[in-house]
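*Asks:* The lines below spell out each chain.
8 protein chains.
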Amino acid sequence: MLENILRQVQNGSMSVEDATKQLAPFENLGFAKVDHHRKQRQGFPEIVYGENKTAEQIIGIARALQAQNNEVLITRITPDKAEAIQNVCPSYVYDNTSRLLYWKNSEQAGVDRKGYIAVIAAGTSDISVAEEAAVTAEVLGSKVHRFYDVGVAGIHRLLHHAEDIQQATVSVVVAGMEGALASVVGGLVAHPVIAVPTSVGYGASFNGLSALLTMLNSCASGISVVNIDNGFGGGYNAALIHQLIHRGNA
Amino acid sequence: MLENILRQVQNGSMSVEDATKQLAPFENLGFAKVDHHRKQRQGFPEIVYGENKTAEQIIGIARALQAQNNEVLITRITPDKAEAIQNVCPSYVYDNTSRLLYWKNSEQAGVDRKGYIAVIAAGTSDISVAEEAAVTAEVLGSKVHRFYDVGVAGIHRLLHHAEDIQQATVSVVVAGMEGALASVVGGLVAHPVIAVPTSVGYGASFNGLSALLTMLNSCASGISVVNIDNGFGGGYNAALIHQLIHRGNA
Amino acid sequence: MLENILRQVQNGSMSVEDATKQLAPFENLGFAKVDHHRKQRQGFPEIVYGENKTAEQIIGIARALQAQNNEVLITRITPDKAEAIQNVCPSYVYDNTSRLLYWKNSEQAGVDRKGYIAVIAAGTSDISVAEEAAVTAEVLGSKVHRFYDVGVAGIHRLLHHAEDIQQATVSVVVAGMEGALASVVGGLVAHPVIAVPTSVGYGASFNGLSALLTMLNSCASGISVVNIDNGFGGGYNAALIHQLIHRGNA
Amino acid sequence: MLENILRQVQNGSMSVEDATKQLAPFENLGFAKVDHHRKQRQGFPEIVYGENKTAEQIIGIARALQAQNNEVLITRITPDKAEAIQNVCPSYVYDNTSRLLYWKNSEQAGVDRKGYIAVIAAGTSDISVAEEAAVTAEVLGSKVHRFYDVGVAGIHRLLHHAEDIQQATVSVVVAGMEGALASVVGGLVAHPVIAVPTSVGYGASFNGLSALLTMLNSCASGISVVNIDNGFGGGYNAALIHQLIHRGNA
Amino acid sequence: MLENILRQVQNGSMSVEDATKQLAPFENLGFAKVDHHRKQRQGFPEIVYGENKTAEQIIGIARALQAQNNEVLITRITPDKAEAIQNVCPSYVYDNTSRLLYWKNSEQAGVDRKGYIAVIAAGTSDISVAEEAAVTAEVLGSKVHRFYDVGVAGIHRLLHHAEDIQQATVSVVVAGMEGALASVVGGLVAHPVIAVPTSVGYGASFNGLSALLTMLNSCASGISVVNIDNGFGGGYNAALIHQLIHRGNA
Amino acid sequence: MLENILRQVQNGSMSVEDATKQLAPFENLGFAKVDHHRKQRQGFPEIVYGENKTAEQIIGIARALQAQNNEVLITRITPDKAEAIQNVCPSYVYDNTSRLLYWKNSEQAGVDRKGYIAVIAAGTSDISVAEEAAVTAEVLGSKVHRFYDVGVAGIHRLLHHAEDIQQATVSVVVAGMEGALASVVGGLVAHPVIAVPTSVGYGASFNGLSALLTMLNSCASGISVVNIDNGFGGGYNAALIHQLIHRGNA
Amino acid sequence: MLENILRQVQNGSMSVEDATKQLAPFENLGFAKVDHHRKQRQGFPEIVYGENKTAEQIIGIARALQAQNNEVLITRITPDKAEAIQNVCPSYVYDNTSRLLYWKNSEQAGVDRKGYIAVIAAGTSDISVAEEAAVTAEVLGSKVHRFYDVGVAGIHRLLHHAEDIQQATVSVVVAGMEGALASVVGGLVAHPVIAVPTSVGYGASFNGLSALLTMLNSCASGISVVNIDNGFGGGYNAALIHQLIHRGNA
Amino acid sequence: MLENILRQVQNGSMSVEDATKQLAPFENLGFAKVDHHRKQRQGFPEIVYGENKTAEQIIGIARALQAQNNEVLITRITPDKAEAIQNVCPSYVYDNTSRLLYWKNSEQAGVDRKGYIAVIAAGTSDISVAEEAAVTAEVLGSKVHRFYDVGVAGIHRLLHHAEDIQQATVSVVVAGMEGALASVVGGLVAHPVIAVPTSVGYGASFNGLSALLTMLNSCASGISVVNIDNGFGGGYNAALIHQLIHRGNA
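Residue numbers (this note's numbering), protein chains in the order written: chain B, 318 to 567; chain H, 318 to 567; chain X, 318 to 567; chain L, 318 to 567; chain P, 318 to 567; chain S, 318 to 567; chain F, 318 to 567; chain V, 318 to 567.
Keep in mind the hints are simulated off the structure, nothing from the lab.
Just so we're clear, the structure is a prediction, and the values are computed from it rather than from any experiment.
C-beta atoms are modelled at their ideal positions from N, C-alpha and C, and glycine is treated no differently.
Be a bit skeptical, because a hint or two may be false.
Simulated coverage check for chain L against chain S, where a stretch passes if three residues somewhere in it have a Cβ under 8 Å from a Cβ of chain S [unchecked claim]: (1) 462-470; (2) 509-521; (3) 534-543.
Using the sequences provided together with the hints, build the complete structure.
*Replies:* Structural data, given as structure tokens:
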């Protein structure tokens with residue numbers, strides 16, 4: 318490709334200015350381009366990690382994104398910060414449980430992607446992280462089926478939903494305490510499982526370390542793990558796989 | 318009781334020598350006596366932790382115990398050490414899988430205690446620890462049903478045995494890697510579960526830490542935990558509970 | 318049993334509807350049934366982990382349980398949350414020290430089970446966890462004898478109560494800091510000991526890790542361990558063993 | 318489905334024996350069936366974790382699998398054990414670098430699945446784990462492109478291959494020491510990245526903990542992590558996603 | 318001694334009541350007696366760990382101690398709690414820096430013990446822990462010389478005081494961050510060094526773990542270590558050694 | 318030198334008083350002198366760790382330093398404490414982002430040292446630590462170029478600045494989460510890199526441990542590491558190296 | 318003192334050469350002198366940490382020490398290395414259990430110091446560390462009483478020896494596993510206790526971490542701790558305190 | 318620069334081939350060029366991490382390097398591997414203590430750089446790591462002064478060399494166990510200190526963690542840290558700084 322551009326410059330079919338743009342340091346590597354293409358191709362909005370940013374910083378980024386008609390998804394926003402941002406960006410939606418703030422371009426017709434993601438949570442205390450996964454996946458264009466409070470201490474609760482879970486395209490399993498749910502789900506399904514350990518628990522849960530280790534050591538195949546309480550990561554990975562499998566609504 | 322003895326001394330019905338024996342420092346506390354009574358009452362043999370003892374030390378202890386017609390159970394004995402001891406104590410039985418060495422007094426008629434202990438192991442690699450639990454419980458007079466290779470990654474293998482496990486008096490669950498089996502069993506049964514984490518695994522299993530934390534954080538009630546690879550502890554606790562529940566063969 | 322039901326369907330002695338109910342996925346496995354039977358058979362109330370539930374969620378669960386005339390035990394309830402719940406459920410009892418909220422069906426005549434559980438606490442700072450164990454066991458129908466402030470740094474305080482502790486059916490040992498009490502009690506008694514490490518301490522206690530490791534490594538036999546500060550787990554395990562040993566008030 | 322079967326039994330179109338088979342405890346749950354179907358549908362062989370199994374145990378399992386004409390993949394086999402097994406199963410292939418032993422049914426025509434998996438390794442020391450991922454994926458029917466020795470300390474080595482990596486369907490990134498490669502790759506591609514930390518390193522790498530934490534904390538989206546040195550897990554997850562995206566050779 | 322008492326009972330020179338008192342369970346063991354003697358012999362007050370006790374509990378204990386004219390030392394008292402106690406016990410002294418609350422019997426003439434304890438603190442941030450050590454030792458009757466802000470990053474500050482430190486009877490070294498001061502002092506003196514790590518620091522000090530490990534691994538002989546921030550332990554150990562060396566004011 | 322002074326005393330060319338001053342314990346060792354000379358020679362102000370000092374303590378130290386016309390740099394000062402100090406020392410400058418408080422002697426003409434330090438931060442959340450490094454280096458007389466928000470998840474952002482970073486004399490790399498930026502920068506430049514891990518992140522970042530381990534295990538040469546969040550240390554080390562390389566404005 | 322020497326130089330009563338020697342860098346500080354005096358005054362031999370030294374290095378050091386008629390104590394010597402050294406230094410004594418190699422100057426009449434050190438070991442596996450403490454103390458001139466196999470799981474074994482232990486001048490408590498013995502001994506005695514954790518144990522003992530934490534968190538006063546398996550440190554500290562208390566055979 | 322090249326292509330002064338080479342992906346970024354220039358400009362040889370490479374792999378790399386007349390430095394080579402390589406590359410020098418294997422181009426006249434690096438080791442056991450630092454720096458063209466066995470437990474040994482250490486351009490401090498030496502040296506000198514923790518020690522040294530934490534938490538300014546046992550890193554960093562300060566032999 319490089320030689321191509323150079324030949325065009327040589328024979329005058331491309332101006333130095335245009336070639337400079339295409340060959341500017343990181344454009345030359347291709348990844349910035351890919352970055353742009355990805356959004357158009359995949360309909361994935363720009364993700365902003367909101368935890369350590371001020372409302373002002375977020376508003377600045379949000380306006381820039383909206384100017385390009387891009388969707389916006391901001392994670393880990395407190396209600397107060399959400400309110401401050403919504404005062405300026407009233408079309409933004411804030412979800413209390415998942416602490417996500419997002420804006421979807423209403424002009425972009427909803428994707429009607431086949432299949433769904435199963436978001437499975439062990440206990441009621443894991444629901445806020447599970448919702449971060451679920452809403453993330455939904456904003457990214459996936460359908461989500463929620464299976465909450467199906468922890469392994471009452472295995473029949475999970476088994477009752479086994480068929481629905483098995484028919485999902487990909488599962489996100491959210492669990493704190495001993496985090497055993499991921500292994501059991503992993504053994505039940507033939508699709509990828511993204512495991513999200515949570516910091517729910519006390520004492521020897523060591524703020525989620527217990528669930529994290531459990532999931533990393535799972536004897537079931539097809540499980541991979543994201544950071545403790547990283548519901549966003551769970552939802553993003555699931556949506557990424559989901560849309561690759563069912564792109565073109567196939 | 319103290320006053321009683323003193324009154325007997327005062328009125329001459331007990332000699333100073335006899336009173337001295339009964340009131341000697343730790344006899345006065347009762348625990349040494351209890352120690353003796355425990356063996357007679359419960360048929361529990363003396364347990365010797367064999368790992369850091371020489372064959373000579375163990376032979377010495379074993380002879381003293383046999384002299385009192387007591388049963389003997391020695392843990393963590395290598396085949397070499399077992400052979401050295403058996404040369405001197407040919408009636409001792411060595412179990413290769415559990416690395417236990419023991420001697421049962423043939424004169425003591427076998428207890429025909431009701432009920433059984435379920436020893437449940439997640440994978441084939443956990444079997445040596447599971448056998449340490451099982452053989453310990455058997456030497457201590459309990460019947461044992463073994464359920465091996467029933468890890469949670471194929472939950473149907475466990476569920477297939479659910480009824481047999483539920484009818485046990487107490488369960489010992491042995492699992493390495495993510496150790497999730499304890500929670501699932503704990504949710505299935507209405508009896509006490511002794512969980513034994515094992516060091517089976519690699520990487521983030523951190524030599525059994527993962528399974529240990531899983532079991533300590535179990536969301537199922539009725540589970541308590543012993544040290545990593547402590548099959549003996551699992552079997553001992555189970556047998557202790559079992560024989561208290563079914564003493565008098567009830 | 319399955320074949321039995323099928324034959325009844327075949328010969329018309331059971332309707333398809335009734336068979337469906339009995340053979341529905343997890344009923345077929347037996348654990349849901351067992352779950353129901355367990356309460357009737359054992360008089361054990363449903364346990365609700367209250368820490369991450371809202372007052373509204375708890376009220377909902379509580380009403381459902383009371384509707385079935387079941388007893389209710391909710392753990393880790395703050396005074397504020399307790400008050401909010403009691404406004405709606407005035408018959409509920411709240412225990413400040415143990416932070417337990419419970420309701421006992423007055424119609425169910427109190428069990429007069431033989432024997433008692435010894436709840437033993439090392440220091441005054443461990444008392445709230447010890448009370449969680451003690452009240453849990455009491456709500457579950459066991460008698461409890463309390464032995465508080467008997468830490469090993471003044472071993473005579475413990476030895477003074479040795480006989481009373483030895484006559485218990487099962488002991489719960491609650492200790493923070495170095496947690497050595499479990500080993501000493503374990504060496505004194507011939508019954509099962511449930512050890513509960515607490516987060517009492519500072520510096521190298523690492524929020525209870527020190528006591529937890531101590532208890533897991535105990536050189537005394539017959540000790541098993543629950544999570545740090547898990548007084549409920551200690552009381553539940555003890556009550557479970559106690560009622561199995563003394564069921565039928567024997 | 319259950320009601321369906323029962324109606325057939327009722328109207329005599331299904332024998333009690335056949336219904337019993339289909340409704341036997343865990344068949345009723347559906348997962349065992351799924352298990353069977355999965356192999357036929359996906360061409361995935363049975364995976365055997367070889368580390369703690371004897372040659373004899375493995376030969377037993379292998380014969381059973383071959384009897385059903387199933388492919389076989391056994392992980393973590395030492396050369397000695399491989400030789401012992403190959404003496405009995407001469408058609409088995411052993412790969413020295415990845416320590417995998419496998420048998421592919423020659424009758425099953427090779428899948429010609431579209432796309433490929435990029436297996437990317439940071440250093441030469443990570444190659445054995447990378448090969449475990451690559452060969453696993455290949456045995457499971459995926460094409461693999463290898464990119465080795467492209468660690469971040471010489472970022473141009475990685476960027477040189479950026480385009481080839483970006484065109485993969487899924488990437489497996491294998492790295493020890495600081496494990497930073499996963500984040501850089503994650504930022505370059507628009508497909509899922511499975512990160513495999515390795516125990517390569519010394520001192521504060523703490524046997525792979527450093528690389529594991531790096532990967533779990535990645536600021537790049539679309540990364541999920543498996544256990545330290547779990548090349549198999551990396552390859553399995555990648556192949557699972559790959560074949561779901563390109564099933565039907567699409 | 319036991320036989321002696323019994324003979325007196327036998328010959329009537331001691332009443333059963335008096336013998337009962339002396340032979341009551343734990344009196345018979347001798348440690349409770351020793352406990353009493355220790356206070357009289359050593360002038361050591363009763364120590365109360367104040368952190369988890371209410372003001373009411375402490376007032377109760379304090380009154381009981383004062384009733385016996387015993388000195389009182391209570392550790393880890395917040396200013397608020399101190400004020401509440403002083404309202405009831407106005408003769409109690411509260412030291413803000415060390416958070417110690419104590420009462421010294423004015424009738425007991427001050428000991429004029431030879432020698433002194435060197436309390437050495439690395440930085441100004443370590444002073445509150447150092448003062449807990451120093452005041453503890455003073456309340457226990459030792460003279461204390463303070464050497465503060467003599468951390469190893471400016472070794473001349475310490476060396477300037479080398480002679481004074483060398484002439485102490487025992488040293489208490491208090492240091493956070495890297496805690497290196499203990500080793501340097503240990504290499505300078507020929508008397509015992511009690512090392513007290515503090516939680517001063519941030520990041521990789523891990524709340525005092527760094528200083529604790531440093532002190533435990535000291536290459537200097539004659540150093541022993543107490544818990545993180547345990548100024549009391551440092552002062553108590555030092556005073557105990559000091560008064561044994563210089564008892565009888567020698 | 319010592320012999321020299323003594324000869325001068327012997328021949329009367331130096332008074333005993335003057336010799337005493339020069340030979341006083343730690344002066345004799347030379348390091349205190351060096352300490353003085355260092356400030357004059359290097360223009361480095363005295364550094365005060367402000368975190369655990371009261372405003373009063375800091376004012377006292379500051380006045381002493383100013384009395385000698387020395388510059389002052391105080392780290393980790395909260396806005397409140399800064400205000401209290403500035404009330405007394407109005408010429409002091411407080412920087413909100415870096416929490417540094419400092420005073421530069423206006424009489425000392427600014428150094429016009431060649432070259433600059435590159436302060437590179439991975440994310441916006443790392444900026445406060447990065448600013449502590451940058452302002453520290455500036456107060457110590459170095460020019461600083463800032464490169465913020467150039468984390469590895471979008472490697473082109475960093476590469477865009479590669480040339481500017483390569484031309485720096487020394488780099489300070491500030492990164493939290495996985496901390497991978499240090500390795501990438503280390504591979505791009507031929508000058509020393511001081512890596513500063515930050516506590517930015519959540520879950521398995523374990524308050525900066527993840528970034529710390531990453532940086533310690535870097536496969537790039539020329540990287541050394543300071544404590545978590547120790548921006549001051551990063552800036553100080555960089556300025557020290559910078560001024561040694563470009564002393565005499567060369 | 319400095320001024321004194323200078324005045325002597327000034328008035329000619331001391332030569333420049335003599336003053337130079339006395340004022341040479343570290344002589345001027347006094348610690349090197351003290352170092353020499355310490356040996357003569359205390360009769361303490363030079364201690365050599367043998368673990369990482371070759372036989373040749375040790376022989377070199379040993380000869381230098383013997384040349385000055387100093388006693389020699391070398392720790393952590395394997396039998397092989399001991400034999401190699403004894404071939405050259407036949408008068409050296411090697412103790413197999415403690416792995417100590419030492420040489421005592423036969424001309425120096427044995428000290429007949431009052432009192433004794435109690436070396437107390439929990440289990441038989443702790444004896445090698447306990448012997449390192451005991452023999453170290455003996456080589457340093459103290460009498461030692463050994464109390465072995467008195468772990469807390471059979472508290473009466475310890476209490477049986479309570480009086481003998483209480484009459485010691487100082488105690489060294491050696492324990493692995495849960496390490497609880499230190500707290501119990503600390504509560505029984507009125508003298509300093511040096512606690513030595515050992516690496517005896519398995520699983521969650523984490524190579525002695527469990528015992529170390531137990532001892533650091535002891536609720537008993539008067540306990541200080543040395544490194545894991547540091548029997549030498551325990552013996553040295555005890556002997557140091559012992560000889561300071563009973564110097565002059567008092 | 319990019320525009321420049323393009324203009325040359327446009328006006329025909331540069332061929333497409335030449336422009337392609339200069340603008341090829343990573344050449345365009347400039348770092349590969351820098352990489353080449355660095356060697357010529359700095360005389361730094363290529364570094365090979367030898368630990369996980371076979372003799373064959375190393376010989377291959379070595380020959381390629383020698384073909385370009387580049388110097389070679391290979392770390393962590395066992396004597397066996399060194400011998401195998403030397404059989405093929407007889408001009409290579411192997412250093413037993415540091416386990417370094419290197420080849421210096423004899424045609425390149427030795428640099429006579431001003432100043433020297435101080436390599437300071439705490440104990441004799443740290444010497445192999447210290448030598449890895451020292452020989453690395455020497456191969457990279459720096460003069461090295463060694464100061465060994467100057468640990469802080471005998472501070473006078475270090476102070477005796479204070480002046481020589483202070484006059485170095487940069488110091489490398491190598492220490493295991495408590496690692497306190499880095500802080501003391503850091504407080505003595507006005508130049509950068511590279512601290513290298515070693516794994517020397519036992520018990521709570523946790524394989525170098527103790528020394529690592531000590532060095533990271535140093536209260537002395539001007540210290541930065543490399544990985545445990547990373548003598549190479551210490552030497553490389555020091556040589557890098559040294560040659561930047563004294564380039565042009567200034």
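*Asks:* Compare the structure with each hint and give your call.
*Replies:* Against the structure, the hints come out as follows:
Here's how the segment 462-470 of chain L fares: 3 of its residues keep a CB closer than 8 Å to some CB of chain S, so the rule of at least three is met and the hint holds. With a threshold of 8 Å between beta carbons, the proposed coverage of the segment 509-521 of chain L by chain S holds, since 3 of its residues qualify and at least three are required. Restraint check on the segment 534-543 of chain L versus chain S: 5 residues with Cβ-Cβ distances below 8 Å, three needed, restraint holds.
Going down the numbered hints, you'll see the structure goes against none, and every one checks out.
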